[in-house]
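**Q** Protein sequences, first through last, are from chains W and B.
Sequential numbering from 1 applies to the first sequence in the UniProt record's numbering.
Sequential numbering from 1 applies to the second sequence in the UniProt record's numbering.
Derived by calculation from the structure, the hints in this document are not laboratory data.
A couple of the hints might just be wrong.
Stated by the list, open to error - Here are the simulated lysine-lysine pairs, DSS-like style, with alpha carbons at most 30 Å apart:
id	chain 1	residue 1	chain 2	residue 2
1	W	Lys-11	B	Lys-55
2	W	Lys-205	B	Lys-277
3	B	Lys-193	B	Lys-175
4	W	Lys-177	B	Lys-267
5	B	Lys-264	B	Lys-180
6	B	Lys-333	B	Lys-251
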Amino acid sequence: MEFDFAEEQPKFLMLMYGLIAFVAVVGGLLLLLDVVPAWFARRREAQLVAASASGAPLPRRRQREGFLALFFLLPTLLLLVVGLVVPAIRTTLLSFMDKDSDQWVGLQNYGWMFSDGSIVRVLVNTLVWVLLVPLVATTIGLLYAVMVDRARFEAVAKSLIFMPMAISFVGASIIWKFVYAYRGDEQEQIGLLNQIVVSLGGEPKQWLLESPLNTLLLIVIMVWIQAGFAMVVLSAAIKAIPADIVEAARLDGVTSWQMFWRITLPSIRPALIVVVVTITIATLKVFDIVRTSTNGNYDTSVIANEMYNQAFRYGENGQGSALAVVLFILVIPIVIYQIRNLRQQREG
Amino acid sequence: MAVFARPRQAFVIAGVLGLALSAAACGTGNDKGSSSNADSAECAAYDKYKGHDGKKVSIYSSIRDIEADRLDQSWEQFEECTGIDIDHEGSGEFEAQLPVRVDGGNAPDLAFIPQPGLLKRFADAGKLKPVGADTKAMAEQNYSPDWLKYSTVNGTLYGAPLGSNVKSFVWYSPKMFKEKGWTVPTTWDDLIKLSDTIAASGIKPWCAGIESGDATGWPATDWIEDVLLRTAGPEVYDQWTTHGIPFNDPKVAEALDRAGSILKNEKYVNGGFGGVKSLATTSFQEAGVPITTGKCALHRQASFYANQWPEGTKVGEDGDVFAFYFPAIDPAKGKPVLGGGEFVAAFNDRPEVQAVQTYLASGEYANSRAKIGDWVSANKQLDLANVANPIDKLSVQILQDQSTVFRFDGSDLMPAAVGAGTFWKGMVDWVNGKDTASVLQGIESSWK
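The task is simple: from the sequences and hints, build the whole structure.
**A** See below:
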């Protein structure tokens with residue numbers, strides 16, 4: 001297709017509007033940030049001058065500062081309320097209503113979730129994902145980071161495993177779909193995995209068809225993407241271990257095994273927690289990989305995929321919302337754990 | 001924190017931004033020049049749609065790429081003559097996005113809805129506007145009641161059909177049939193006999209595939225519907241699609257088993273791909289292609305499969321591939337035909353929207369679109385001479401045939417949770433080896 005500038009004009013115009021609106025809003029805020037405190041400062045200066053001239057006690061400034069703080073918090077609060085709090089409350093309310101969201105049905109949607117065999121399967125699958133992905137991805141990332149640390153081709157080795165991070169989940173799934181692709185045994189194989197099996201004298205298999213193997217094969221895709229992230233963060237943490245600790249340990253004559261367990265691991269614990277928590281939350285939300293690879297068929301569906309199907313494809317708003325609420329509840333403890341950890345670190 | 005060195009500087013910047021904004025606003029006046037040849041002779045046919053010069057009508061559909069270009073082309077003259085600007089937008093996520101847009105207060109003026117079930121959902125929710133008197137008259141004049149009942153909800157008509165397709169086709173290679181001395185079967189028994197003959201010659205006769213991205217399973221639902229229409233008849237079929245009988249009625253189970261005698265028969269499938277289980281992972285687009293290499297002889301798929309053949313494949317009775325009518329089991333009950341199509345429903349009743357809706361139901365439109373190519377409609381005014389493609393011609397003949405008993409694709413009539421959910425998924429499980437009874441029981445229990 002040819003690219004015609006004149007035809008695309010409305011889009012460019014839209015782009016320009018977007019840019020101008022962005023600059024106007026940000027510029028406006030910056031202007032306010034500049035003008036408002038200056039105005040308050042000038043007023044206070046005048047008050048101080050007046051007070052010192054008349055000899056009266058200095059006026060209190062706390063209330064005004066509180067007001068000022070509220071003024072600056074307002075945009076953030078507003079966005080949080082509109083974008084997060086209201087939708088969360090609405091979703092929760094919808095989860096107690098029927099599919100058209102006009103009649104209260106109590107806990108029926110939640111009852112459905114735990115009694116319908118296919119949905120229970122979805123919950124179990126999600127659990128398998130959440131347990132396996134952070135564990136495997138972090139372990140691989142950590143081992144790799146330790147192994148390539150100060151090795152000869154460190155930069156190259158690192159970029160190799162980091163590269164999948166640059167591929168979108170959908171892109172990665174399509175790549176792996178080719179790896180798992182199946183052709184009958186009388187045909188030429190186009191899938192890497194089946195070609196290996198065939199050249200070893202085996203029969204080609206329908207990898208994505210057999211449960212529970214297929215869920216594990218999808219998890220491999222996620223691990224492939226996330227291991228690079230774990231590796232980069234952990235590698236940076238390893239490099240940040242103070243040299244004197246490492247040197248002292250060396251002088252004490254530790255083996256490399258002891259070095260890993262006693263020095264490296266405790267030193268990078270905060271980074272490790274961040275990695276595990278981030279990957280866990282990403283895994284709970286996984287949607288693209290399942291939708292692209294199997295669309296949740298053959299017993300591979302997970303909560304986020306089922307939620308989308310129920311709410312947007314089947315028009316079952318109540319059931320979709322109930323799944324969303326469960327997902328929300330599952331994320332809460334992880335977030336609390338993360339916040340507590342951050343706080344402890346700050347205090348410690 | 002002083003962001004700007006002086007307040008004045010900040011004001012200047014803000015002022016410049018304001019100017020730029022208003023200048024940009026002035027630059028948008030690129031409205032299309034009003035119709036130049038509105039009074040010419042070829043515009044005479046559009047006289048009744050005139051009087052809306054400069055108005056804009058937005059259309060949302062699932063039609064994209066070359067098909068969308070053809071749409072734009074098909075109403076070009078209408079736009080020129082009436083001055084109505086039709087703005088069509090196609091989306092690959094149409095079924096999911098349309099409810100989002102409608103609920104978000106951003107509904108299009110018109111939508112081409114391929115699922116009567118979805119149309120009913122919007123009509124029940126009061127989102128759709130009933131057709132105007134002109135559109136109604138035009139629709140009733142050009143389409144049979146068999147078709148209009150699918151866009152009628154509680155006695156109110158909400159739109160006329162647009163394009164259609166015939167699904168009761170079996171694709172084959174005329175060349176291959178000629179070489180091997182096979183003849184096109186006209187009864188179900190002949191079809192099975194032919195399958196056995198082909199199987200005996202060392203070729204798996206049938207090829208099929210039901211993988212289709214997030215719609216995986218639909219080709220199998222078409223199979224079941226087509227067979228049920230033949231084993232149980234149109235009345236039972238209607239009861240089944242409206243849940244008048246349970247989804248797992250014995251008659252449905254019988255149809256499933258009858259379809260299974262072909263689809264789940266290791267002797268019959270899956271030519272060119274492997275065993276029965278390869279059905280689930282073979283994409284519908286490539287499922288029939290082995291016919292061109294002689295690895296498979298028969299492929300049941302709709303008329304629109306004509307666009308899926310590899311480049312250079314000639315479609316026609318004397319070409320590389322063609323299709324025959326999927327034969328009836330009991331010819332005395334007429335000629336059951338399964339098909340689909342889209343309906344033009346309106347979310348807005350502005351006069352120009354109704355004018356476009358009426359125009360799309362007219363014979364002029366049907367012929368204008370058909371002339372561009374690759375299009376079938378059940379519109380009675382459609383002139384067979386304007387349909388060039390042989391498979392489209394055959395489809396139009398079947399649709400206009402008096403003995404045809406037409407029924408709409410059942411999965412599009414059911415609630416989305418069943419028709420686009422558990423039915424599809426159930427079929428995937430079924431071809432993967434799950435037994436008929438438990439598959440049907442599972443689907444029945446999901447229909448609330």
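**Q** Provide an ascending list of the numbers of those earlier hints which the structure does not satisfy.
**A** none
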